[in-house]
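Student: Next come the chains, spelled out residue by residue.
2 protein chains.
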Amino acid sequence: MSWTQIAAAKKSQQLDRIPAEWLSNNLPPTEQPNVVDFPKKTTVLSALDLEITESEVATLLHNLASSKWSAVQVTTSFYKRAIVAQQLTNCLTEIFVDRALIRANELDAHLKNTGKVVGALHGLPISLKDQICIKGLESTMGYVSWIGQYAEKNAVLVDILESLGAVPFVKTNIPQTLMWPETFNHIFGRTSNPHNRSLTSGGSSGGEGALIALKGSPLGKFRWVGSDIGGSIRIPAGFCGVYGFRPSCGRVPYAGCVNSLEGQDSILSVLGPLCNTLDGIKTFFKAVLSEQPWIKDPLVIRKRWSEEEYKLTEHGNGEKLCFAIMWDNGVIEPHPPVRRGLQITKDALLAAGHRVIDWTPYKQAEITTITNSIWNSGANEDYKAAAAPTGEPVIASMGVLPEDTELLFRPTGSGISAFELWQIQKRKRALRQEYLKHWEDTVITTGTGRPVDAIISPMAPYTAPPHGMNKTAQYTMWCNMLDFPALVIPVSKVDQTLDVKQPRDKFYTKQDQENYEGYNPATYESAPISIQVVGRTVEEEAVIAMSEIIDDALRAGKAQL
Amino acid sequence: MSWTQIAAAKKSQQLDRIPAEWLSNNLPPTEQPNVVDFPKKTTVLSALDLEITESEVATLLHNLASSKWSAVQVTTSFYKRAIVAQQLTNCLTEIFVDRALIRANELDAHLKNTGKVVGALHGLPISLKDQICIKGLESTMGYVSWIGQYAEKNAVLVDILESLGAVPFVKTNIPQTLMWPETFNHIFGRTSNPHNRSLTSGGSSGGEGALIALKGSPLGKFRWVGSDIGGSIRIPAGFCGVYGFRPSCGRVPYAGCVNSLEGQDSILSVLGPLCNTLDGIKTFFKAVLSEQPWIKDPLVIRKRWSEEEYKLTEHGNGEKLCFAIMWDNGVIEPHPPVRRGLQITKDALLAAGHRVIDWTPYKQAEITTITNSIWNSGANEDYKAAAAPTGEPVIASMGVLPEDTELLFRPTGSGISAFELWQIQKRKRALRQEYLKHWEDTVITTGTGRPVDAIISPMAPYTAPPHGMNKTAQYTMWCNMLDFPALVIPVSKVDQTLDVKQPRDKFYTKQDQENYEGYNPATYESAPISIQVVGRTVEEEAVIAMSEIIDDALRAGKAQL
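Chains Z and E are the protein sequences, given in the same order. Under the UniProt record's numbering, the residue at position 62 of the first sequence is numbered 62, and the numbers go up by one with no gaps. Under the UniProt record's numbering, the residue at position 10 of the second sequence is numbered 10, and the numbers go up by one with no gaps.
These are calculated hints, taken from the structure and not from any lab test. You can trust all of the hints, since none of them are fake.
In this list, chains with the same sequence are indistinguishable; a pair is considered to hold if it fits within one copy or across any two.
Here are the computed lysine-lysine pairs in the BS3-like style, where the Cα-Cα straight-line distance is at most 30 Å: (1) Lys426 to Lys437; (2) Lys286 to Lys346; (3) Lys363 to Lys510; (4) Lys135 to Lys363; (5) Lys437 to Lys135; (6) Lys303 to Lys286; (7) Lys286 to Lys68; (8) Lys303 to Lys320; (9) Lys296 to Lys363; (10) Lys153 to Lys437; (11) Lys320 to Lys296; (12) Lys437 to Lys303.
So that you can see chain Z by itself, here it is in the shape it has in the complex (with noise of 0.2 Å):
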């Protein structure tokens, strides 16, 4: 078989996967963009269905412990809403139904015999990035050529998340090689932001952000994981319009995942969190850190959850933080509904008695090009290695049309030697070591005592653009390169009253002209607004305690609006 076969045969069986009853059949047309309410619409939904699936995370693990709503009831209700995502957005790729029902099955013949709860996530069902490998399935990672290639063992967080009673019930969409912040490959096609489907859901954990974004409401509370090595994690929750937490390396396990650039011991991916609410986001942290993860993958770091660092003991105890906003990054300025978002941001801090300075940006351009020189080192050879089986392309455009050819993401020509990587992680050494003192040297500016407790970023210099124009991610990328824990917020959405064209005449770059040229605010139009939260290294604890701080205050915010 060919190739475009083999991949077509793959996708009939996923189709073949999904029970007909499923299956909506008053989908919005096509060409509506807005997608986000149609859960409510479909008839495949019942309202109990519709009660679980928007419930929060504390109401739906109550109810399970309580047997007021039993696990398989609880895998049936999302497992139908995330099929009604799938007809909207795309998002999906392994689906099992019957396996993810046994294992509901087993929980509930457990506390039914037990009187207890397998674990702190009992009943819950999780959706998992592609290529966490779950036993006897494939990640494919949309190389055709692993089509076939059934995991002989869970993933370590598989594994940890089973044992809390978590429910794994379907595997989510990512771009091939996942080093493109969009989602398309050969084997499931495109995914599509819920929000205006004429926009990219982002990438490389866009099958994840369509379908978080797609319980409907931003209360629906879930927990789904992705992984973030350039911005994997933040840029789908960003421009879906959920919460994305990309921690520092070493805290969520990563092992047992198949990846690209695998052996890369630089600059790693981790795994993360996306979700509806902070609160899901911290459940899953300390669910997992719980289970002493380090004993079953050997990079993660041998530190508990620390309740005093979420208590910011060192950071004043949480009361007047001084933040710093980073409004651009001196080298792209972001579209007019990102700068809105961060002001909205600093307004709702001010009024809530923190602190709010400008980041001065420091060598963000050196850090996007150290960052993709290190993965581009061998990056060509390791994606024509995976492609090489069926003979299938290594995708070169993220674009809807064939002249989209684009190479932005893809290296050309070979790599460099060892010694040569090795000078250029040296001058990534450096730039950490000078970065940390930027913000050291902060504590002259803030007035408390203290450098800048976070710092306020864009998380992409747009909100989701079209298929095929997510053309940069160095707003998340220099995270991974310092490896600084960040949360994404949603803010706002576009509003193409209020975020109209400024003139400008004076660029950083060429890039940043064609970037402000790109701008339209109809083009955008409902596209979801976002920042992102940034700590120092292994701060996580810290990062998702001051993230509650600037989302309590963006609500009490929007109250008084």
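Chain E: place on chain Z using the hints.
Tutor: Only chain E this time, still in chain Z's reference frame:
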């Protein structure tokens, strides 16, 4: 000038910096092997000098804080003794008496004027391995080409030690490149083992090892800093009969040191203490962590000293531990004295009520191969680039005769590509995962309900060998690849009557056979016998605590004899 002239000028300058009155003129004859007791016989050291230099750290700090001894006095006493050590073993590189005494004088003035000590290490002299930069001084690392490069700032660790009140006072000798487990270079020459000067002091922190051993008494208490990428702390510590601790990556700040293979991000060099007592190891480690090194070095893990982990709460509170002894690694069987050291340890632990089982080696040969392959992927280019400016040769042998030339620790040929390096590093990560599982799986054999609490292993397959004969670092390197913290404890000394050669006719490898054939008890006379205590990644507190338990058991065992 030729490189030989440049090197000779630097060596001559070093001698000029020693106050003439500190040079002993009753040195033992060059052919006398054991010089450990000479510091008590030199006319240079007064009774007070001897009292000070053989005091415990706690006593020193107490007498410094109470002004019984001034910092100037203590620094002078240790400096004089360090010069004696230099005359005996050639263990120093940078000597800077005036500067150290000015610093000590400032500390005395501060204490006098304020009534307060500067910090927890007030007035304590600290020696530093040559690569650890001190502002204004050279860190040649044995490269003639680096002479004249004066550090623009302190290494982060030096800043931290100074803020704690310590007095850096000498730098110590290393092999050119650091990447050889003996100590010789074209500038400063060779460092010998004070227990038997026909033997090597090990490397790369060989200057530290010899210097510390020459405190004279095993209770001489002091603290020095070395580094370890493949055993560079543990080999000199073990060969010279002192304690040496290789922490996991990311606990002790490394930033601001010079090094070989910079930018190699996969198996990193770490700094750690060598000392005549375990108490000194713990004091060093706690004091450094108390200064929050993570705000000064981005590679340091944000994790405070954990008193809970030190109390062994995850190891049954330290009662009835189960240790596993790796008698040999299945590649090279250790010499009889090494085996005796392990047996002494086993007997002592059994007598103390602990359990001792055998450790099953796991792919130890492959671990060595992978580790070497990662370092060697660009090492040749690295060494050549460093040596190029003056045309000095990259040292190819640590032997004392020209015909000793061996390329044991020098890769030949050119390096490999970044992509090829990634494939090796990918295998490394898998091996770490497998080894962790191998360890966790011991839970069924320990009888404690826990996996093995710590592994006890040789730190080399021999005690300190003759110069040029330290042919493998595989008994230390495995801990570097696996990032296991490992602490070397001195146990005994070679005794020709006890450590007789046993007949043997089966060998694991050719290397094993050569090692067996090379054993001759007389050659190794008086060489220290040491073990290493190996824990799991980022388990420094527990490794220190378990080492204290082992050390106490050993001392109790000696008391019974």
